[in-house]
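Student: Residue numbers (this note's numbering), protein chains in the order written: chain E, 1 to 328; chain W, 329 to 600.
The reader is advised that the hints may include incorrect statements.
Derived pair list, reagent style DSS-like, types lysine-lysine, alpha-carbon separation capped at 27 Å [as the list claims (entries may be wrong)]:
1. W:Lys491 with W:Lys532
2. W:Lys410 with W:Lys352
3. W:Lys410 with W:Lys516
4. W:Lys491 with W:Lys453
5. W:Lys453 with E:Lys109
6. W:Lys465 with W:Lys410
7. W:Lys453 with E:Lys34
8. E:Lys109 with E:Lys34
9. W:Lys502 with W:Lys479
10. E:Lys34 with W:Lys491
11. W:Lys491 with W:Lys502
12. W:Lys502 with E:Lys34
Just so you know, these hints were derived from the structure itself, not from any lab.
Each chain, written out:
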Amino acid sequence: MPEQLVFAMEVTLNGLMAGVLYALVALGFVLIYKASGIFNYAQGVLALFAAMTLVGIMQGQVPFSHLINAVFGGHITHFGWNVPGALAIALTVGVMVLLAWLVQVLVMKHLVGQEPIILFMATIGLAYFLEGVADLMWGSEIKTLDVGLPQGINLWIDETTFNIFGYGFFIDNLDIVATVIAALLVAGLVAFSQYTKQGRAMRAVADDHQAALSVGISLNFIWVLVWSVAGFVALVAGIVWGTKSGVQFSLSLIALKALPVLMLGGFTSIPGAIVGGLIIGVGEKLFEFAVGPLVGGATENWFAYVLALLFLVFRPQGLFGEKIIERV
Amino acid sequence: MLDNSVSYVTDDGRTIGGVVMEMKNITLRFGGVVAIQDISFDIREGEIRAIIGPNGAGKSSMLNVISGFYVPQEGEVLFHGKRRPPMRPYEVARQGIARTFQNIALFEGMSVLDNVMTGRLNYMKTGLFSQALWKGKAEAEETENREVVEKVIDFLEIQHIRKTPVARLPYGLKKRVELARALAAEPKLLLLDEPMAGMNVEEKEDMSRFILDVNDEFGTTIALIEHDMGVVMDLSDRVVVMDYGKKIGDGTPDEVRNNQDVIDAYLGVSHD
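Chain W on its own, in the form it takes in the complex (with noise of 0.2 Å):
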């Protein structure tokens, strides 16, 4: 086991610090279904962590419980080392978590440019009077916000739809449009889920590229849930595997890939 505080740099060279986030014994039921069952692991500064597993493993539930849609019923969550009391979604938001979702949750009725900015919301400070009156320090702001998102457009290649309302878009422009939206929130985390879902090849090929260039550029920690195993295991430092709510593998994905369990459950290899 490495140790929580200290960092080391992977062999393609990016620096991975400390522990961010730790999930500690999560254990999440809904009546009597058991979702998550006393689940720990740990997300480091810098990396790119994925969680994997079969169809209902409680994959999606383990992203909302760190995003804060779901309050866990037992363990805690660790947050750059103080435990994180129950939150609600929009302040674990403004901690710095941004995400993404399965089915796409754009603004629809909204251009590109300005659902971008909507990730900008907890950096505008000026008041309500200032921003209805539109004076100095709301219009310094606005621009200074503006700046942020125009690079985070450019750097996703989507600067030929800004001003497209999103309800236009293909599926897979809206899904990067999503990814832009919660960059442009620099957050300390982000959390993507499923980013690859229902594209086709080129797509997702696109969507490994700009998930890769994110975390290389900006730093930007990473945690996604993903189906497609070859994307996951070429995408990751580290991977979580769960299945039916319990976790039956954590490590590189090399480690992963040769755990009997892992093999038993999610390859569906067979074995004798």
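This is chain E alone, in the form it adopts within the complex (with noise of 0.2 Å):
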């Protein structure tokens, strides 16, 4: 087999890796806008907050503590434990459920009724919000995140395609579990609103709030549940990310590759949350593979973003999104 095709063959097996990442960020956005109809901005803010707050409970430190030493002129940082891996996740899901219940009663509930680009404007403030909250209770610096997921080249991968092509494949330990994860996250998702009463009423909120209100559904309770589920697609993601490129603010940036993402896979659509993110990953990694020498390379930086504009023009409801219809 050429040299060419085989190393074109390890650029799509990363490009398909790397796309699962960017479909576990969409995913938290398809959730959300499927549910209450808002664009969460705040989404990427959501996977960094949940990151560091999973650090910081992991390295038991003491939130809020710059601020208490500057009030009281102590210096502690640390409560002097470590709490492992699993504890600190479970307990990191509980802060993201408060955080849910929060962002419901505090912002969300008094804008029952508003435009989206109101809505949509409020996650933006949620945003910049959380942003400063989470800096203020853990710290700015970039901290390392290790819950136990494997990283590293997969031996036996590279064993084999050597055994095969002549040439080992690099492929990430990494982001083999991330793809598992992924897929376990979105099976339980599908099957959470297909098949329970609350993902039922989910679907009906998301659909009709007079509706939902006239058969018993409590819109308060559905929108803490889609935050709340929100915050965990977020700290799985950031789980995932904080792990492969350290805790640190660029994580709430991985929002913006989502976007494309969106756009091709339809903002309505959990499968096209996934396909999407596995094209744009695939495509940018081979693009600039074949193009990449041509132009002077970088051009993963806005190849995404191209598509998606193509998208826009000429299919703007993505590959699964719901098509626009508009009676007369």
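Build the complex from these two chains, which are given one at a time in their own frames, with help from the hints.
Tutor: Laid out in structure tokens, this is it:
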């Protein structure tokens, strides 16, 4: 087999893995959008917040320690214990549910029935507020996150491909784990929304608030549920991305990568978010591989956005989104 | 006046029971506009009660007061003889009051079956975790509620569109699906907001038949708002007539038809 083709295969595989990570972030957006019609700008910050909280709890950091020290002149920073990963994740889930409840009670509850653009603006405000709170709570330095996910080159794939092609593929174990996690997450979410009472109520609320009220669904409860689920998805994304590239402010920017994914996949489709993520992941890696050398590289920075732009022009509802039909 | 607690039998052999819902001196204002002014009336168990009146008379507002979408500034709502505190619409629904909407409020993205299933949400008590894990109890519950839903779907003759997404249905069928969803809740009181608005003659006849059948078969108490006088007079046991937020008539269709105020205000018949 020609060397170029083998190399392209490896690039494709790596692209698929990266795509899964994009899809993971995009999923959080789709969920909230489907369930409440809100485009949640804060999803990326939610992932950052979740990851920072997880690290903070694991390392036994005192929340708001800078603030406390500044006001009372102490020097406390840590409780002096370490919390094991599994327990810390459980605690972080609790924090995310609490956060969901606060968002609902303090912000969203007061905006029932408002225009989508107003709700969108509220989530922008929420994003900046949360970013500040996260910094104040846990400090702004870059932290490493290790909850025990395997990392580094997968030797089995390396050896097998070496035996077949005479060239070993470099596939990161973390990417493989991320793929499995994403698959489980999606299966779980789909089952939840399709087959459970709460899932059905969630879809009902997304569709029509008045009708939902008339069959006895409490909007408050469903929205807390939706934000909790979004917080949970953000936590999963935060763990994977945080393990990969450290927990730091730039984590919140992965949300920007999710935008083109959503434009491809459609804002309302869970399968769309996954396929969109994969297309962008593979597309940008292959494009860089094939066209990159001709134009001086760095195509990964803009490829996704140009692709999204093309979709906006020719198929604005995305690959899987609901077709927009205006009845006259 | 009939005694509140005494039941009687109608000409066509249905038993009308005591008062289920009583509205006492209801006044509803939107800023300076008085939508409902000091209106009292009651709804008896098993009857079909109509609220009629010209456009802007406050009929829909009245229905919204009953279903908890509006909270009146003055007056009392008594349900089964007990004063009802101000409630949110979903709490009212949980008390067994189901409704349909004038401008159809269905879950457009869901299938007919799923839409009707939402009517059963209040009967499904298993918690989030057993639901999420889809184990024993939750499964049994789903099957049980599914049976009720299938019965309603059969009754309203919408089996052939069970799996169709609601968005694809024509108007008349959507109205019927909405009725099915309300019926699935096995309501103690069923509120219909202009169930025949925008329908052609044939669809109106179908809908009238279903309303009568529901009342007859399940003994469901029904309060409905309607524009079409002819339909209302044929359907209902008693009629409340509203005009400019005030009650101008209340009684059997015959009584109402011969009420001079009603003729003046609503029928527009000249009399000199």
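Student: Taking each numbered hint in turn, which are not upheld by the structure, reported in ascending numerical order?
Tutor: Hint 6 alone not satisfied by this model.
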